[in-house]
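A.B. asks: Line by line, the protein sequences give chains A and B. In case it helps, the working numbering puts the first sequence at residues 6 to 462. In case it helps, the working numbering puts the second sequence at residues 6 to 462.
No lab work stands behind these hints: they were computed from the structure. Check each hint, because a few of them may be wrong.
When chains are identical, the list treats them as one kind, so a pair holds in a single copy or across two.
Straight-line Cα separation of at most 25 angstroms, BS3-like style, residue types lysine-lysine; simulated pairs [said to hold, decoys possible]:
no., residue 1, residue 2
1, K207, K234
2, K333, K8
3, K147, K405
4, K147, K335
Number of protein chains: 2
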Amino acid sequence: MIKPRTPPGVMELLPREQIAFQRMLDTIRSTYESFGFLPVETPVFELSDVLLTKTGGETERQVYFAQSTGALEKSRENGEGLPEMALRFDLTVPLARYVAEHEHDLAFPFRRYQMQRVYRGERAQRGRFREFYQCDIDVIGKDALSPRYDAEIPAVINAVFERLAIGDFTIQFNHRKLLRGFFEGQGIEGEQQMLVLRELDKLDKRGEAAVRETLMDEAFGLSDVVADKLLAFSRVRSTSHANALTQLAALGDGTPLFNEGRDALVATLEQLKAMGIPESRYAINLSIARGLDYYTGIVYETTLDAHPQIGSICSGGRYDDLASHYTKSKLPGVGISIGLTRLFWQLREAGLVDVATSSVDVLVALLDEAGFADALALSQTLRARGLRVETQMEARKIAKQFQYADRAGIRFVALRGEGERATDTVTLKDLRNGEQETLAMDVAADWLVGRLGESVQ
Amino acid sequence: MIKPRTPPGVMELLPREQIAFQRMLDTIRSTYESFGFLPVETPVFELSDVLLTKTGGETERQVYFAQSTGALEKSRENGEGLPEMALRFDLTVPLARYVAEHEHDLAFPFRRYQMQRVYRGERAQRGRFREFYQCDIDVIGKDALSPRYDAEIPAVINAVFERLAIGDFTIQFNHRKLLRGFFEGQGIEGEQQMLVLRELDKLDKRGEAAVRETLMDEAFGLSDVVADKLLAFSRVRSTSHANALTQLAALGDGTPLFNEGRDALVATLEQLKAMGIPESRYAINLSIARGLDYYTGIVYETTLDAHPQIGSICSGGRYDDLASHYTKSKLPGVGISIGLTRLFWQLREAGLVDVATSSVDVLVALLDEAGFADALALSQTLRARGLRVETQMEARKIAKQFQYADRAGIRFVALRGEGERATDTVTLKDLRNGEQETLAMDVAADWLVGRLGESVQ
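Make a model of the complete structure from these sequences and hints.
C.D. replies: So this is what it looks like as structure tokens:
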């Protein structure tokens with residue numbers, strides 16, 4: 006006998022939790038589709054040389070390699086060399102490979118969503134996952150991509166979190182050009198810009214005092230005046246749409262790069278307003294840096310107003326060149342990612358996951374053996390109307406059948422005993438409030454559909 | 006520069022094919038849910054000792070192992086031993102592990118569906134995949150499971166393929182007890198039964214003559230009389246519901262096991278009729294053996310009437326004990342699997358995949374820069390009504406925008422030029438028939454929803 010268990014670092018759910026998780030996935034997907042994004046799925050494994058274009062980095066240390074028994078044996082004989090295949094660690098590298106590989110078959114700007122699991126050999130600890138869902142959208146241009154897409158992305162984020170209904174949220178932006186222009190103005194140039202950026206990215210975790218100290222240490226060598234200016238700049242946060250515009254104007258003029266970043270943020274704010282995004286849902290936050298070298302324009306983070314400790318639940322930004330490792334074509338883009346496994350885990354920890362309702366709408370009970378064929382026919386009738394129906398296959402005690410439905414979170418029980426069969430009626434009980442009605446067969450399905458309202462898919 | 010490419014043996018789709026594939030997945034899922042099956046997802050990798058309960062078999066030779074860089078280095082130093090984790094090669098073993106692991110948190114009969122990718126190190130060749138979707142349902146009982154579930158499964162198969170609309174199909178069954186009882190009657194006992202079963206399973210591929218020869222060779226040692234009886238038995242196929250009952254009756258009585266299998270098939274046929282399944286969609290076919298030791302009762306195969314060469318597109322059956330490797334509890338069950346990647350590939354080869362329609366319903370065109378904010382607002386209005394809308398972000402030539410929508414398979418284009426904006430109207434063009442209407446803004450969304458009819462999700 007082998008003890009049944011999952012590997013550490015994965016999130017496996019019981020059915021009722023899985024239903025709640027699936028609802029979130031469905032909401033995200035239908036929202037992505039409502040903005041015209043097209044589905045893409047890529048294989049879980051990529052060729053190692055394709056996935057790991059840069060070798061020896063932190064990424065590679067976290068990668069899982071995959072090999073068949075035959076390949077495993079061979080590699081043990083031959084010693085060195087990477088296994089042929091590796092599991093994707095994000096959806097961005099597979100997107101780059103996909104766009105470069107299928108470049109001539111795609112229409113640009115290429116708008117894709119992708120919702121699949123990714124793999125990272127993280128140190129096992131609570132809330133860290135080795136397998137987790139990412140739900141990404143990106144818009145990829147060929148040679149160029151209108152800055153207007155920078156504002157469409159937060160409109161999608163807004164729609165997603167409005168529909169997920171997990172509480173008030175704020176989409177925050179900054180702009181890499183504004184940041185780098187500001188650094189230039191302080192005499193911070195070249196590679197040091199990335200180092201300062203990464204340090205500012207730690208403000209949330211380390212706090213201002215520690216970051217200030219680092220900025221002034223030997224490696225950075227910034228003066229206290231410059232360090233204080235950087236920190237003051239990082240403190241800029243808007244409280245409303247109008248306030249965001251005022252604060253951006255108050256920054257005044259800087260280097261051309263600085264002005265370009267500032268004007269881009271203003272245009273994004275105006276476009277969000279034109280799209281009718283509630284003004285309370287977006288803000289500028291000049292402390293947002295996003296550590297990756299990758300980003301070149303706007304950067305986004307999204308936080309739940311009541312749960313700041315969760316950190317960003319949806320992040321991303323604009324980049325100049327998606328797939329330079331795979332193609333000479335210049336492919337600028339903008340996109341975001343929702344780490345749904347982690348988000349779900351955190352919502353569950355905070356008691357915010359609703360596992361009350363089953364995906365089954367109606368349990369068709371079986372009162373007596375003579376009613377079996379009838380119960381089957383009733384079930385099929387309800388299914389034909391789009392209802393999700395489970396049929397009791399054995400005539401257990403009726404109390405047991407109600408108890409089963411209640412525990413499973415199934416809202417309605419449908420019954421046809423001898424009486425109902427004689428009068429061609431059906432008794433429907435709503436377990437939410439205990440109400441019970443006996444209706445003619447031909448109106449029962451409509452009655453149920455009406456009661457279930459929007460919860461019927 | 007690295008050449009962007011996928012590993013061999015995977016199916017990666019362009020967006021329009023992916024949309025068609027996604028529609029099939031959605032149809033299967035909603036049908037599974039309409040029968041009250043609950044969603045389960047398991048991690049892509051399992052611990053090797055859990056996944057490979059029997060070592061050294063054919064299965065293990067096809068397994069992909071997964072290990073992180075650190076584990077890879079260690080295993081190279083230490084030489085032997087299996088890597089810690091392996092990718093699932095089907096959804097049945099993970100189901101067994103899941104049910105055994107979560108036994109005390111599940112309600113039985115446990116009805117689950119699972120639609121995920123599985124991995125097998127198949128020899129690379131056309132139509133063989135190393136990564137492919139399986140779409141499974143199973144009903145698992147504790148200690149016992151009513152034979153009535155044997156008939157519910159084909160009702161689900163019927164609903165799935167009716168809704169997938171890929172042509173007429175026939176769900177065929179046989180029963181292991183009928184087969185084994187018949188073998189007993191011919192003096193074929195014990196282990197030889199499995200060998201004969203596996204041989205009969207090859208009838209489609211090898212033909213009657215070759216199988217007859219094998220059955221009579223030294224290893225089998227059956228007489229020509231017995232071999233001919235086996236082949237005659239295998240030829241039994243029904244042409245209608247009534248004919249199936251007649252043929253089963255005509256088999257007469259045999260061993261108790263034989264009679265039990267025959268009566269079970271009769272009960273299944275009657276239950277299918279009670280569920281209103283069209284009689285043309287199911288049949289008995291006593292040549293169906295399903296090679297796996299695993300099955301103990303009814304077995305199913307499903308074929309497309311116009312494409313017999315595709316073989317079974319949905320197979321499964323009844324088994325006595327799901328998880329004997331992981332738990333002492335007896336867990337009998339019945340289930341089926343659809344190998345969707347292979348099916349999609351075959352339908353595509355046969356020209357039966359419809360990639361005509363985009364997942365985007367409407368393209369909101371942009372006629373002039375002055376209309377940009379207006380186009381954004383229109384897009385949001387349409388989205389609020391559940392439509393899937395892509396907005397043109399740049400005022401390109403209108404012919405280009407129509408061409409783009411047409412090539413992308415987007416059915417409707419919505420336009421608001423100066424004229425429409427002045428009169429608060431919108432022009433809607435249906436690219437399917439070229440018809441164009443200019444409507445008041447407040448009725449436009451309803452008009453589109455009506456036209457799109459059932460294609461709106």
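A.B. asks: For every hint, state whether the structure bears it out.
C.D. replies: Verification of the hints:
1. K207 / K234: This pair counts as within: shortest intra-copy Cα distance 17 angstroms, inter-copy 79 angstroms.
2. K333 / K8: Close across copies (11 angstroms), not inside one copy (52 angstroms); limit 25 angstroms.
3. K147 / K405: For K147 and K405, only the inter-copy Cα distance (16 angstroms) is at most 25 angstroms; the intra-copy one is 62 angstroms.
4. K147 / K335: So K147 and K335 pass the 25 angstroms test inside one copy only (6 angstroms; across, 59 angstroms).
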